[in-house]
Amino acid sequence: MKQIIAFLVFWISFLSCQSEEINIYTQHVKEISKNKDGWNLVWSEEFEQESNIPNTKSWSLAAKEASPWNRYMSESYDQAYVKDGKLYLIAEKKDGEYKTGGVWTMDKVGFKYGKLEVCAKFTSFQGGWAAIWLMPQERQYPSVNNSYPGEIDIMEQVSMDKIAQHSVHTHYTLDLGYDKNPPRNGYGEYRDGEFNIYGIEWTAEKIIFTVNGEETFSYPNLHLPNESLMQQWPFDVPYYLILNYSVGGEDAWPGPIDDRGLPAHMEVEYVRYYEKENKGNDDDEEEEPSDNLIQNGNFEKNFAEDQQPGVFSADKTDQSGILNYLDRWFCRPDAPSCNMTIDKSEGANNSSRSLKYEATEIMDAEKVNLSYALQNVMEGRYTFSYYVKTNQDDTPFTLSIVVCETEDDIPLVLKENQKSIIFNPDGSQSLSPGPTWGLAATCDNKAGKGWIKYSVTVDIPENVLIRFVFKPCAYVGDINTHEIWGKGAWGGVIYWFDEFSLIPVE
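Sequential numbering from 1 applies to the sequence shown in the UniProt record's numbering.
Since the hints were made in silico from the structure, they are not lab data. Careful, some of the hints might be misleading.
Claimed, not checked - Keeping only pairs whose Cα atoms sit at most 20 Å apart, straight-line, the calculated SDA-like set for lysine to any residue is:
| no. | residue 1 | residue 2 |
| --- | --- | --- |
| 1 | K180 | P309 |
| 2 | K112 | G38 |
| 3 | K180 | D327 |
| 4 | K453 | D291 |
| 5 | K389 | N349 |
| 6 | K36 | I197 |
| 7 | K162 | F125 |
| 8 | K449 | Y387 |
| 9 | K389 | W490 |
| 10 | K276 | E205 |
| 11 | K180 | P220 |
| 12 | K206 | T123 |
| 13 | K367 | T481 |
| 14 | K276 | D37 |
| 15 | K94 | D315 |
| 16 | K316 | E305 |
| 17 | K276 | P238 |
| 18 | K276 | N40 |
| 19 | K276 | V237 |
| 20 | K449 | S385 |
| 21 | K64 | D179 |
| 22 | K83 | E46 |
| 23 | K389 | D315 |
| 24 | K121 | K180 |
| 25 | K112 | M160 |
| 26 | K453 | Y475 |
| 27 | K453 | D394 |
| 28 | K367 | E305 |
| 29 | K94 | T123 |
| 30 | K453 | I410 |
| 31 | K83 | E267 |
| 32 | K162 | A264 |
| 33 | K121 | G85 |
| 34 | K367 | G477 |
| 35 | K121 | D37 |
| 36 | K121 | M160 |
| 37 | K453 | Y387 |
| 38 | K316 | N339 |
| 39 | K316 | L374 |
| 40 | K83 | E48 |
Turn these sequences into a full structure, and let the hints guide you.
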């Protein structure tokens with residue numbers, strides 16, 4: 001897997017304790033067959049060396065401190081060494097004490113934007129904790145009440161989990177608790193016992209996480225008007241890289257340590273940092289941010305555990321409980337054996353994933369809800385689009401676009417009695433008052449065994465929350481009131497939805 005690289009020129013600026021900036025200078029290399037498409041390799045660590053001590057121009061031993069991840073750091077090359085072209089980070093127990101290995105590029109090498117990839121493999125056991133992550137060399141924003149400075153977790157694997165966790169941590173997500181809009185974490189699958197490539201593609205607009213070149217999660221820059229106070233995006237400064245294999249404990253994320261799994265280790269084959277080609281035209285090269293307000297609307301990325309679609313009871317999702325289910329597809333158990341999952345074998349436009357809802361039988365369809373709620377939707381005109389299909393012919397369904405205009409409306413969010421956008425006979429739009437007889441429909445549609453695309457353009461008023469509600473097997477019974485009916489029984493019905501988007505209209 002590894003290319004043999006001979007270094008012609010390698011120079012990194014060293015900093016005094018008073019220095020304010022980390023610089024990376026282009027490293028000239030040979031014997032590289034080609035750069036990645038659109039990316040130029042500008043720095044790498046291949047661990048091809050005679051000494052077993054990691055290159056001290058780039059790496060230092062991670063310090064032992066009081067945090068769960070570094071409280072057992074040995075600060076010794078016995079647990080962090082180079083052998084046969086690889087960096088080994090060891091976790092073991094010696095003389096009754098846990099000792100773990102870690103290295104970092106703090107005050108030596110910094111990274112800002114670009115593509116960063118680490119090729120690594122590790123052993124897993126109960127209590128183990130492999131990590132590849134970034135912390136800022138200097139804070140982007142002044143500390144506000146000891147606010148968190150920022151963190152990018154490219155990969156974390158704990159205990160016996162067979163997934164690579166991705167996360168970002170900021171003042172916005174940790175201290176203020178806005179960890180679901182947008183989601184702050186996701187995960188990717190890796191090949192157990194083999195070398196895998198864990199990476200990020202980092203721009204001023206978003207951070208894309210990858211495993212073996214496949215996008216698994218992304219985190220966007222929201223460009224908040226009060227960003228300096230909220231600190232949602234502290235990612236416009238250089239960050240240093242940390243590689244470590246730690247152990248947990250009863251009070252740590254990986255849980256109790258099973259000593260039978262020791263010694264354990266992580267091997268790192270290389271670290272490579274790329275910059276975009278034609279760097280002089282970065283403004284033209286950077287990917288434009290997506291206007292879609294629906295998170296992962298094509299379901300091609302893995303959802304974080306707390307963002308997975310699912311079935312949840314009314315006592316969790318009704319009224320103010322809806323705030324715990326933002327940017328998440330969910331339904332209530334209003335139909336026998338109903339389920340909402342990601343189908344990894346079926347998708348629109350030859351894709352392989354979609355949202356799947358199924359139930360053994362649907363009766364009183366007007367009482368069934370498939371929901372998605374979100375905040376921070378500005379007043380204006382939007383187009384809401386999606387694809388849908390079913391396992392039956394001419395299967396009806398309704399869509400209601402529910403609006404909470406003020407904070408006082410949120411405690412009133414129930415299955416039925418909510419305000420929703422409706423279209424009048426003359427084509428004008430208004431807001432239903434939330435009738436006691438049921439939820440008013442914005443649209444009345446049908447689906448069949450082939451994918452159909454639906455779109456509706458609406459004027460969304462000033463609001464604090466928007467909720468999209470689908471009712472499978474339901475239809476509009478009164479075109480004047482937009483009342484939703486659901487008479488009769490539907491057996492074994494399945495709905496698939498894909499490529500949701502909510503796009504502002506210029």
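Evaluated hints:
1. Restraint check for K180 and P309: the C-alpha separation of about 13 Å stays at or below 20 Å, so the hint holds.
2. Taking the CA atoms of K112 and G38, the gap is about 17 Å. The hint holds against a cut of 20 Å.
3. As the CA atoms of K180 and D327 are separated by approximately 7 Å, the hinted pair is consistent with the 20 Å bound.
4. Between the alpha carbons of K453 and D291 the distance comes to roughly 19 Å, so the proposed pair stays at or under 20 Å and holds.
5. Restraint check for K389 and N349: the C-alpha separation of about 12 Å stays at or below 20 Å, so the hint holds.
6. At roughly 14 Å between alpha-carbon atoms, K36 and I197 fall within 20 Å of each other, so this suggested pair holds.
7. Only pairs whose Cα atoms come within 20 Å are accepted, and K162 paired with F125 is accepted, the gap being roughly 11 Å.
8. At most 20 Å may separate the alpha-carbon atoms for a hinted pair to count; K449 and Y387 meet this at roughly 12 Å.
9. For the given pair, K389 sits about 16 Å from W490 by alpha-carbon distance, which is consistent with the 20 Å threshold.
10. Distance hint between K276 and E205 is fulfilled; the C-alpha atoms sit about 15 Å from each other, no more than 20 Å.
11. With a CA separation close to 12 Å, the supplied pair K180 and P220 stays within the 20 Å bound.
12. Taking the CA atoms of K206 and T123, the gap is about 31 Å. The hint is violated against a cut of 20 Å.
13. Taking the CA atoms of K367 and T481, the gap is near 17 Å; set against the 20 Å cutoff, the hint holds.
14. This hinted pair checks out: K276 and D37 have alpha carbons roughly 9 Å apart, not beyond 20 Å.
15. Between the alpha carbons of K94 and D315 the distance comes to roughly 51 Å, so the proposed pair goes past 20 Å and is violated.
16. Distance restraint check for K316 and E305: the Cα-Cα separation of roughly 17 Å lies within the 20 Å cut-off, and the hinted pair is therefore satisfied.
17. A distance of roughly 16 Å separates the Cα atoms of K276 and P238; the hinted pair therefore holds under the 20 Å criterion.
18. Restraint check: the Cα-Cα separation between K276 and N40 comes to about 6 Å, which is no more than 20 Å; the hinted pair holds.
19. Proximity of K276 to V237 is assessed by CA-CA distance (about 17 Å); at most 20 Å being required, the pair is judged to hold.
20. Distance check on the hinted pair: K449 and S385 sit about 19 Å apart at the alpha-carbon level, within 20 Å; holds.
21. Of the pairs offered as hints, the one joining K64 and D179 is violated, with about 29 Å between alpha carbons and a cut-off of 20 Å exceeded.
22. The straight-line distance between the Cα atoms of K83 and E46 is roughly 12 Å, inside the 20 Å bound, and the hint therefore holds.
23. Annotation: proposed proximity of K389 to D315 is violated, straight-line Cα distance about 30 Å (limit 20 Å).
24. For the proposed pair K121 and K180, the alpha carbon gap of about 30 Å is over 20 Å, so the pair is violated.
25. Of the supplied pair hints, the one linking K112 and M160 is violated, its CA atoms being roughly 32 Å apart against a limit of 20 Å.
26. For the hint linking K453 to Y475, the alpha-carbon distance of about 18 Å falls within 20 Å, and the restraint holds.
27. Distance restraint check for K453 and D394: the Cα-Cα separation of roughly 15 Å lies within the 20 Å cut-off, and the hinted pair is therefore satisfied.
28. Using a Cα cut-off of 20 Å, the hinted pair K367 and E305 is violated, with the two alpha carbons roughly 27 Å apart.
29. Taken as a hint, the K94 and T123 pair is honoured in the structure, with Cα atoms around 19 Å apart against an allowance of 20 Å.
30. Under the criterion of a C-alpha separation no larger than 20 Å, the hint pairing K453 with I410 is inconsistent with the structure, at around 31 Å.
31. At most 20 Å may separate the alpha-carbon atoms for a hinted pair to count; K83 and E267 meet this at roughly 10 Å.
32. For the hint linking K162 to A264, the alpha-carbon distance of about 16 Å falls within 20 Å, and the restraint holds.
33. Distance check on the hinted pair: K121 and G85 sit about 14 Å apart at the alpha-carbon level, within 20 Å; holds.
34. A threshold of 20 Å between alpha carbons decides the hint, and for K367 with G477 the separation of about 14 Å falls inside it, so the pair holds.
35. The straight-line distance between the Cα atoms of K121 and D37 is roughly 25 Å, outside the 20 Å bound, and the hint therefore fails.
36. Between K121 and M160, the direct Cα distance comes to roughly 14 Å. Compliance with the 20 Å bound is thereby established for this hinted pair.
37. Under the criterion of a C-alpha separation no larger than 20 Å, the hint pairing K453 with Y387 is consistent with the structure, at around 4 Å.
38. For the given pair, K316 sits about 17 Å from N339 by alpha-carbon distance, which is consistent with the 20 Å threshold.
39. Between K316 and L374 the alpha-carbon distance is near 16 Å, which keeps this suggested pair within the 20 Å criterion.
40. With a C-alpha separation of about 9 Å, the suggested pairing of K83 with E48 holds against the 20 Å cut-off.
When the structure is compared with the earlier hints, violations turn up for hints 12, 15, 21, 23, 24, 25, 28, 30, 35 and for no others.
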